[in-house]
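Visitor: Put chains G, W and P on the given structure of chain S with help from the hints.
Residue numbers (our numbering), protein chains in the order written: chain S, -17 to 653; chain G, 5 to 117; chain W, 2 to 117; chain P, 383 to 1045.
It cannot be assumed that every hint is accurate.
[As the list claims (entries may be wrong)] Incomplete in silico selection of chain P near chain G, CB under 8 angstroms:
1) Arg902
2) Asp906
3) Val907
4) Lys918
5) Leu943
[As the list claims (entries may be wrong)] Covered by chain G, according to a simulated footprint, are these stretches of chain W (three or more residues, beta-carbon under 8 angstroms):
6) 11 to 21
7) 55 to 61
[Unchecked claim] Think about it this way: if two alpha-carbon atoms lie no more than 20 angstroms apart in a straight line, the pair counts; the simulated PhoX-like pairs of lysine-lysine are:
8) P:Lys796 with P:Lys785
9) S:Lys285 with G:Lys92
10) P:Lys742 with S:Lys528
11) P:Lys688 with W:Lys91
12) P:Lys602 with P:Lys406
13) P:Lys507 with W:Lys117
14) W:Lys117 with P:Lys785
15) G:Lys24 with S:Lys585
16) P:Lys987 with P:Lys728
17) P:Lys688 with P:Lys743
18) S:Lys618 with S:Lys540
19) S:Lys120 with S:Lys362
20) S:Lys362 with G:Lys92
21) S:Lys540 with S:Lys528
22) P:Lys742 with S:Lys(-6)
23) W:Lys89 with P:Lys785
24) P:Lys759 with W:Lys91
25) S:Lys342 with G:Lys26
26) S:Lys202 with S:Lys495
27) W:Lys91 with S:Lys540
28) S:Lys543 with W:Lys89
29) S:Lys540 with W:Lys89
30) W:Lys91 with P:Lys796
31) P:Lys759 with W:Lys89
32) P:Lys743 with S:Lys528
33) W:Lys89 with P:Lys688
34) W:Lys25 with P:Lys796
35) P:Lys397 with W:Lys47
36) W:Lys89 with P:Lys796
Source of the hints: derived by calculation from the structure; they are not laboratory data.
From the three backbone atoms N, C-alpha and C, an ideal C-beta is built for every residue, glycine too.
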Amino acid sequence: MNWHEYAIRHGKLPEWPYEINYGRENVVESDVLVVGGGVAGCRAAIAALQQGASVAVAERGFTKRSGLGGAGVDHWHGAVTNPCSKITPEMYSDTAMQICDGYTNGLARYIIGKEGWDTLLELEEMGVQIRDEDDEFKDTMFRDEETKLLFAYDVDNKHCLRVYGNNIKPCLDTEMRRLGTDVYDRTCITALLTDGGKQGARVIGAMGINDRTGEFFIFKAKAVVIATGGGKRLGTFAPELTESQSMFHTNLTNMGHTIAWNAGAELVLMDQLFAGGIDAGYAPYSMGNADNTYQGAPTVDAKGTRVQHASAAGELLTEERQIFQSARPDTFVIGHGIGLGPTNTPDYNVSTLDHALNDKISSGELRLPLYNDFSLLDPKHRRLIWGLMLSHEGKTRVPIYETLSKWGFDPDKDMLQYAITNADMLSHRSSWAGLEHLPPNWLITAGGGGIVTDWRLQGSLPGMFAAGGFPLFGSGCHGEAQTTGRYAGRQAAWFAAEHDAVEPDRAQIEREKNELYAPVENEGGDVSWKELNYAIARVVQDYCGKYKTEEILDLGIKRLKDLRGAEGMRTYANNPHELGRLVECYRLIDLGICYMEAAKARKASSAILGFSRVDYPETDPPEWHCLLPISQLDGKTRVRKLPCDYYRRAPYSDVLSDNYDVYSAPAKMEV
Amino acid sequence: MVAYSHPSQSGPCRILSFDKNKCVGCNSCVNVCPSDVMMPNPVRGGEPIVVFAEECWYCGGCVEECPRDALTLVTPAKQRLSTVWLRKDTGEEFRVGMRNPPPPNLTPPSGNR
Amino acid sequence: MLTMKKFALPNQSGPCRVLSFDDKCVGCNKCVNVCPMDVMIPNPEKGEEPIVVFTEECWFCGGCVQECPVGALTLVAPAKQRISTIWKRKETGEEFRVGMTNPLPPVTTPPSGNRK
Amino acid sequence: MNWHEYVAQTGQVPKWPYELGYDKETVISCDVLVVGGGVAGCRAAIAARQGGASVVVMDRGFSKRSGEGGAGVDHWHGAVTNPCSKVTPRMYSEAAMDTTDGFTNGLARYIIGKEGYDTLLEVEKMGVQIRDEDDEFKGSIFRDDETKLMFAYDIENKHCLRIYGYDIKPCVDREMRRLGAKVLDRTCVTSLLTEGGRQGARVIGATGVNDRTGEFVVVKAKAVVISAGRTNRLWGFAPELTESQSMCNLNQTALGNTIGWRAGAEFIGMEMSGRAVLSGLGYAPYSTGNNNNTYQGAPTVDRNGKDVYYANAYGKLLYDEADIFKASDEGSFIIGHGIGLDNGYKPQYRITTTDPELWKKVMAGEYQQPFYNDMTKLPATSRRMIFGLMLAHEGKCRVPIYKNFTQWGFDPDKDMLQYPVQDYSRFPIDTSWCGPENTPANWRGGGGGYLVDWRLQTSLPGLFAAGCGPIFGHGCHGESHTSGRYSGRQAALYAGQNDAVEPDAEQIRRERERCYAPIRTNGDVGWKELNYAIAKIMQDYCGDYKTEHTLDMGIRRMNDLFETEGQRMYASNPHELVRVIESLSLCELGIAYMEAAKARRGSVKGLGFFRNDYPEYDEAQKKHIPISLKDGKVHTRDLSLYYHLEAPYSSDLEENYQRYSQA
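For reference, chain S alone in the conformation it holds in the complex (with noise of 0.2 angstroms):
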């Protein structure tokens, strides 16, 4: 029942169900503590914990369903060395690099393609199921009928598959728990704890505080993985008109970047920071599309007329396979929504519909609505999409398979209708992202920026180790997160044998403390954690959006300070669950400042990254053409310039294998 009810209906109120113990400590003590309870995160902790190291999980929210992956997910990327593949790793990181310009994470595609297939086998064993065990899509041009394995974008080059991921979670966290895991849910990390308590030390632990009985944590650790989530409360807030469409949830604030740049972390790429998102749209895949997990779906406009697929290169394709395979024989489709960004080379990307569609809609040669024509499919096609794709993706086994079957929904029968919008929109395949649903000046930060590391995937501090899809830079989706996650977990296991605990630092404890509970003492408050995230919304859209300049962005760091240091000792919060998302808030304004800082080291405009500064308009300059790693020191922001491909330079080889076979294993006692 609503509380709305319960309240009227027994004109009192509920009481807060779980005991309140504001300030109370608990301190935990591990080995390797890793921050986010996410796919990336589970896999950290099962690696580590095969390492013989103990290990403790903090989770924001229950790492039973948490995280983008917890909803599900359909496909599985960077599987290269599968049997089936004609792709190396190499190719795979090389390509990804190409198709960026260089920016994005070769190094970590680079593993990725080294441990991808072996990270899908390792969850098979766990009980997800990855083949086409009951012969459902026999003889289709997407199964190899020895493994029965299934491949998704490109038929020729199997090296993406297709998953029944629904479940996927479920059983990686039954396998943490059963391996020994120690796993905090409700507990929302705000700081690493580090030597000393200074900036840019050795990482020795974490704090945070329980959403439902408000006590304080302090993780000791001798090494952190951080394999926190992606984000968007930063850019684009309205929870009640936006949530239920909204591919990133209230917990996802890019913790992990804000607490390493708080700590004095390196991190690239964060000026990245894209406009419209997918936050005002329609509920994911539950529109007429043919994008992803609905690749291949036949497109009718409303008189029945054939909406036709071109390839990535715009000619229209003809056979049913060409849809499958990449635009030139010479080059393989590398995947889609995997942190690539707006490519500049159609010669990787998945094939579309007609790019002419918009045209012809204005000139009425095709009438809206476009619905899609499943019937016009063989059955196993039409099968594999609605019965697999779209049962197993994130947010749609419940919403959208579960809930039109009970209401009739059949995809041998049934149309399903495409989203009405103005024509020069609906050349974006996905229609149910909506952008023209949204302000322009909604931004959302699922750029790539994150922390950069070295082969073993440690940040520039000691210690700290990022993984998954959003903490380290340019990595990619649901697949990439778990290998990356796994790599991790070795890596902080190792480091962790060979260092001793370090005390942390009792005013660092104090500070965080004092900042974490002021809300709750005020009793006067009158900001609630929602103003708060009204406003921070509004200075970064102002202050950090399409009209960058120097004196502008110092501006909105200005401005976000003075929020903070204002309104932010105004707030006040009724119980742990509101202290929580506030203490989100006070980490999105450091956030904000980091993404503002970043834009500000960037001198010159970026056609690549999609980034532009009206002080300095020249676009792609040769000496701008490289990674910007940022960190703080003392409080101060220091800036450097590294190369793209730095992960092949000096002190590491050019030829990947050799940095993989050298970093990927303990490092040798130095005699």
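Guide: For chains G, W and P alone, kept in the frame of chain S given last:
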């Protein structure tokens, strides 16, 4: 008849409906929710109370968690009105939440787990 | 630390404290009755300040502030307005806004017009 | 204190403070019923009382501050016959028709021109200050020292005034009550009563629900004046996000039009749905630097103090203050701003704006954001006029801006108000606070209203319209006073010549049944959820892309929503019940808009209306398409844009006015 003064409910307000004769108040849905939008009912065995409806993400984790299949996820009206399908041969239009809907489609999803 | 009784309450609306009553308020409820949107209700305890119930319906027209016979009301714009409305003192270049820490002293020039 | 604080301290939910009366029904009869207690409604009530009629006013809020005009006003348009004016009522009406290619209300503009100044003088007698009595602005170019009147926009033709209007509504409300009008506050109109309960028949009263007690009220009247608010909440609805920045409040749902549509009245201009300029996605009105309307003439500088100049309608830069307040063509006059002519404004009638080339210069690096208003560059009287007079009296500015800013030390003599930092590539910086830059293309603003004759009577006998919500192409605050006064007079005349008719009991029973369903059924859809769904349907099916087929689908969706979710609404107290009734009425209004958009098979610039299946702007579309419901089916016809000068009326404005304005 007693009425109370209370703020308006959030935009999407009834996000979950509990089947009265199936729900025994085990609260497993409460504990799986990533955003913790529900709380256990103070009355033992009572169905959980949705407190922070606008934080619901509609991932359906609670529905799948329920051991007695007592939960139905109720997507907001604006989604129900936007997701429409056309029966090809008859041209009839259907949607979630419509009056006199067609019979349910009982095909299970792919996968045998 | 505080362990007093706590209740489960839904989130406050975005703009949360839209009106603040200072201790001059005697609970006459004139502001309650002038509000076009009826966002307030009289406090069940006599003489206490009214309760703002439907905060997100407040239109920020200030009618209640003008209605208060003892001037006990202050209209509180949402934080996103306060942070958007900045002025710069010309000679010093300093920036100021409503709600800032250590603000300027008030300016007491009344508006034009002699009707009260 | 906030509800949350009370509940946290006391541990219980406060009971509903008013005595519930869902089953109580009160019946009142009178000569003239005024629906809508805004400025137009109050003037209609006053005029009807002066005409000797007994008057009942049904107001959704509390008439002392209700309506858009309740928050104050700084301009008075239409005072064309003031002693200093060089504009005649004919020029005013013809200019309005010319600048919109005929898509405005020439008849109403003429009435406003004729009676606007007299209406203002009456407001002065009610206690509102309209002259610079204390000579604060002596010698200023905006002031006529003899009459002490202050003028705006066009200081040569002097037909639009600046007034001290922050407390205009309390004064008008006090006069209305003094003259004995019976005011039903907190009462939301729900339907019109027609003779025999038939659609299209004479209007003989209305029903309403009280949002504190839930009581049902039936008002029997010989004549009814509709003076309710304009369209809001139909395309854009996100109260938490927009309410503090919106010029319209949540009580504005054009319910006065919806009940007329349901009763079978004819409407025109309902297909006018241009981009929402005041979508609420900007900033609080006039809270940031700008140079539009209230702030017109305020100098703007960039970050380094570089001057930004005004330009006339042809882009010629203007360097001194007096030129800013002149028409762009010799011999023409500035008709005004924000008075419902947005789709027109031919250059000769437009106000001056910022240099149209500014954004190119910004991108070329000549100017740097943020911009500021630097009012220290103005003469002291002009500065005082902008901040002390205009800003201090404009709607939603007295308390939120003047009082709160000065409380925190803002001093226009020393301080420069910052413009928001935005991407101004598509809209000029003048409208900085309105937020058109950040409004999605399919968030639209609605228009349209009753088709009225020279007595401002609608197509239904006994039903009169007044104000900018009910009348299409009507104008703003001052015009609403004037048309309210005129319409009230006419209603009193009509009531004098026609006797009362007993309303149809079955119509009343059905209406009660409809209104109280949300209280009886324990439904699961709240008013906000329904409104979000209505907004999504309008954005998709009546937004940027419109064809016959998609408009039909939109009507089907809205009917489906109304008949399914709309029958599972719940409300747990009278406040929620009335919000539910409003949201349900928005379904009907949305359908009316889509029917009107379907009826017009062509695109028209004058209405800001574009159809994808009829993309050409052709001359044949320069006509009105009156639309109405008859026994539930939609009827349309063609009507000349100059119907007010064609048979059965005379072709001369003055002749018509003389024949119809009095008995």
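Visitor: Give a verdict on every hint.
Guide: Quick rundown of the hints versus the structure:
Below 8 angstroms, beta-carbon pairs count as interface contacts, and P:Arg902 has none with chain G, the closest being about 11 angstroms; its hint is therefore violated. The restraint placing P:Asp906 at the interface with chain G holds, with a minimum CB-CB distance near 4 angstroms, inside the 8 angstroms limit. The interface hint given for P:Val907 holds, since its Cβ lies 6 angstroms from the closest Cβ of chain G, which is under the 8 angstroms cut-off. About 4 angstroms separates the beta-carbon of P:Lys918 from the nearest beta-carbon of chain G, less than 8 angstroms, and the hint is met.
Checking P:Leu943 against chain G by beta carbon gives a least distance of about 6 angstroms; that is within 8 angstroms, so the hint holds. Three residues within the 8 angstroms Cβ limit are the bar, and the stretch 11 to 21 of chain W against chain G gives 3, so the coverage statement holds. Closer than 8 angstroms: that is the beta-carbon criterion, and the stretch 55 to 61 of chain W has 4 residues meeting it against chain G, so the requirement of 3 holds. Between P:Lys796 and P:Lys785 the alpha-carbon distance is near 17 angstroms, which keeps this suggested pair within the 20 angstroms criterion.
Only pairs whose Cα atoms come within 20 angstroms are accepted, and S:Lys285 paired with G:Lys92 is accepted, the gap being roughly 12 angstroms. With a CA separation close to 15 angstroms, the supplied pair P:Lys742 and S:Lys528 stays within the 20 angstroms bound. For the hint pairing P:Lys688 with W:Lys91, the CA-to-CA distance comes to about 13 angstroms; that is within 20 angstroms, so the pair holds. Restraint check for P:Lys602 and P:Lys406: the C-alpha separation of about 17 angstroms stays at or below 20 angstroms, so the hint holds.
For the hint pairing P:Lys507 with W:Lys117, the CA-to-CA distance comes to about 15 angstroms; that is within 20 angstroms, so the pair holds. For the suggested pair W:Lys117 and P:Lys785, the alpha carbons sit about 14 angstroms apart, so the restraint of at most 20 angstroms is met. Restraint check: the Cα-Cα separation between G:Lys24 and S:Lys585 comes to about 62 angstroms, which exceeds 20 angstroms; the hinted pair is violated. For the hint linking P:Lys987 to P:Lys728, the alpha-carbon distance of about 12 angstroms falls within 20 angstroms, and the restraint holds.
For the proposed pair P:Lys688 and P:Lys743, the alpha carbon gap of about 12 angstroms is at most 20 angstroms, so the pair holds. Between S:Lys618 and S:Lys540 the alpha-carbon distance is near 14 angstroms, which keeps this suggested pair within the 20 angstroms criterion. Among the hinted pairs, S:Lys120 with S:Lys362 is consistent with the structure: their alpha-carbon atoms are about 8 angstroms apart, no more than 20 angstroms. Using a Cα cut-off of 20 angstroms, the hinted pair S:Lys362 and G:Lys92 holds, with the two alpha carbons roughly 19 angstroms apart.
A distance of roughly 18 angstroms separates the Cα atoms of S:Lys540 and S:Lys528; the hinted pair therefore holds under the 20 angstroms criterion. At most 20 angstroms may separate the alpha-carbon atoms for a hinted pair to count; P:Lys742 and S:Lys(-6) exceed this at roughly 61 angstroms. A hinted pair counts as satisfied when its Cα atoms are at most 20 angstroms apart, and W:Lys89 with P:Lys785 qualifies at roughly 18 angstroms. A distance of roughly 11 angstroms separates the Cα atoms of P:Lys759 and W:Lys91; the hinted pair therefore holds under the 20 angstroms criterion.
With a C-alpha separation of about 52 angstroms, the suggested pairing of S:Lys342 with G:Lys26 is violated against the 20 angstroms cut-off. Taking the CA atoms of S:Lys202 and S:Lys495, the gap is about 16 angstroms. The hint holds against a cut of 20 angstroms. As the CA atoms of W:Lys91 and S:Lys540 are separated by approximately 18 angstroms, the hinted pair is consistent with the 20 angstroms bound. Taken as a hint, the S:Lys543 and W:Lys89 pair is honoured in the structure, with Cα atoms around 17 angstroms apart against an allowance of 20 angstroms.
Note on S:Lys540 and W:Lys89: the hinted pairing holds, with a Cα-Cα distance of about 14 angstroms set against a maximum of 20 angstroms. Distance restraint check for W:Lys91 and P:Lys796: the Cα-Cα separation of roughly 6 angstroms lies within the 20 angstroms cut-off, and the hinted pair is therefore satisfied. Under the criterion of a C-alpha separation no larger than 20 angstroms, the hint pairing P:Lys759 with W:Lys89 is consistent with the structure, at around 15 angstroms. For a cut-off of 20 angstroms, the pair hint linking P:Lys743 to S:Lys528 stands: about 16 angstroms separates their Cα positions.
With a C-alpha separation of about 15 angstroms, the suggested pair W:Lys89 and P:Lys688 falls inside the 20 angstroms cut-off, and the hint holds. Taken as a hint, the W:Lys25 and P:Lys796 pair is broken in the structure, with Cα atoms around 32 angstroms apart against an allowance of 20 angstroms. For a cut-off of 20 angstroms, the pair hint linking P:Lys397 to W:Lys47 stands: about 14 angstroms separates their Cα positions. Proposed proximity of W:Lys89 and P:Lys796 is supported: the alpha carbons are some 8 angstroms apart, at most 20 angstroms.
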